[in-house]
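Protein chains in written order, with our numbering: chain A, 1 to 59; chain B, 60 to 195.
Calculated directly from the structure, the hints in this document are not laboratory data. Possibly wrong hints are sitting among the right ones.
[What the hints assert, rightly or not] Using C-beta positions, here's what the derived DEER-type ranges look like:
| # | chain 1 | residue 1 | chain 2 | residue 2 | range |
| --- | --- | --- | --- | --- | --- |
| 1 | B | Phe-77 | A | Ser-27 | 22 to 32 Å |
| 2 | A | Ile-48 | B | Pro-126 | 34 to 44 Å |
| 3 | A | Lys-30 | B | Pro-75 | 41 to 51 Å |
| 4 | A | Pro-29 | B | Arg-151 | 29 to 39 Å |
| 5 | B | Pro-75 | A | Trp-55 | 51 to 61 Å |
| 6 | A | Val-47 | B | Gln-161 | 45 to 55 Å |
| 7 | A | Val-53 | B | Trp-99 | 40 to 50 Å |
[Unchecked claim] So these bits of chain A aren't anywhere near chain B, every CB distance computed over 10 Å:
| # | residue |
| --- | --- |
| 8 | Met-1 |
| 9 | Phe-2 |
| 10 | Ala-37 |
| 11 | Ser-51 |
| 12 | Val-53 |
| 13 | Met-54 |
| 14 | Trp-55 |
| 15 | Leu-56 |
| 16 | Ile-57 |
| 17 | Arg-59 |
Glycine included, every Cβ here is placed at the ideal spot set by N, Cα and C.
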Amino acid sequence: MFAPSHFAAVLLFATFASVVFGITQRSTPKAMVRYGAYCWVMFAGVVIAASWVMWLIKR
Amino acid sequence: MASRVQVPAKTQASSPGFTYSALVVGWLIPGAGHLIIGRWVRALLLFVSIGAMFWLGIAMQGMLYVPNTGNVLDMLGFAGDLGNGLFYALGRIFDLGHGAVQLATADYGTKFIVVAGLLNFISAVDAHNLRIGRKV
Numbered sequence: 001m002f003a004p005s006h007f008a009a010v011l012l013f014a015t016f017a018s019v020v021f022g023i024t025q026r027s028t029p030k031a032m033v034r035y036g037a038y039c040w041v042m043f044a045g046v047v048i049a050a051s052w053v054m055w056l057i058k059r
Numbered sequence: 060m061a062s063r064v065q066v067p068a069k070t071q072a073s074s075p076g077f078t079y080s081a082l083v084v085g086w087l088i089p090g091a092g093h094l095i096i097g098r099w100v101r102a103l104l105l106f107v108s109i110g111a112m113f114w115l116g117i118a119m120q121g122m123l124y125v126p127n128t129g130n131v132l133d134m135l136g137f138a139g140d141l142g143n144g145l146f147y148a149l150g151r152i153f154d155l156g157h158g159a160v161q162l163a164t165a166d167y168g169t170k171f172i173v174v175a176g177l178l179n180f181i182s183a184v185d186a187h188n189l190r191i192g193r194k195v
C-alpha cells in the first residue's frame, strides 16, 4: 500500500495535473512549461495558504 | 474597445481516416491520441502523468466506482472513472479498486482515480482538436 503524507499527496496531485493542464491548455512548448509551472505554484500555494488559514481559525 | 479574441485555426477538411480516431484512442489509452498524430513527447508526458495518477490512486487503496443509480456523487464518480478508458477496465477486471474507503489516504486515492479520468477526457479532446486542426 502506498501511503503518502497529506502534503506529499498534494504535491503529486499538483505535479500530474499541472503537466496535463500545461500540455492541453497552451500551444507552444514554452507557453506549456510556463502555464504548467503557474498551475503547480497555484495548486501548492493555495493549499499552503488554506492550511495556515485553518490553523489560524483553530487558534 | 479593443479585445483579444482567440480565433480557431482553419480546420483541415481533408484529414485522412476516421475523424474521431484521436478522441477515441486517446480516451482508451492516455496519450495515445497525441501519439497517432505524431506528438509523441506530449503523448509520453500525458501517459506518464495520467497513468501515474490512476495507478497511485489504486496503490493508495482508492475506490473504483461501479455503474449505479443511487447517490448523485457516486454517479459522477463513475463518470469520472470512466475517463480512464482501458485502465478502468483493467481495474475492474482484476478487481483492483477497494469497495469501502476507511483511510484518509484511500479517500485521496479515490480522488486521484477520478481526477485522472477527468484529465484524460481533457487530453483526448485536446488530441481531437489537434487532429482536426482546431488547435495547432
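Hints versus structure:
no. : hint                              : in the structure
1   : Phe-77/B to Ser-27/A: 22 to 32 Å  : holds (24 Å)
2   : Ile-48/A to Pro-126/B: 34 to 44 Å : holds (38 Å)
3   : Lys-30/A to Pro-75/B: 41 to 51 Å  : violated (31 Å)
4   : Pro-29/A to Arg-151/B: 29 to 39 Å : holds (36 Å)
5   : Pro-75/B to Trp-55/A: 51 to 61 Å  : holds (58 Å)
6   : Val-47/A to Gln-161/B: 45 to 55 Å : violated (24 Å)
7   : Val-53/A to Trp-99/B: 40 to 50 Å  : holds (43 Å)
8   : Met-1                             : violated (6 Å)
9   : Phe-2                             : violated (4 Å)
10  : Ala-37                            : holds (14 Å)
11  : Ser-51                            : holds (15 Å)
12  : Val-53                            : holds (20 Å)
13  : Met-54                            : holds (15 Å)
14  : Trp-55                            : holds (18 Å)
15  : Leu-56                            : holds (22 Å)
16  : Ile-57                            : holds (20 Å)
17  : Arg-59                            : holds (23 Å)
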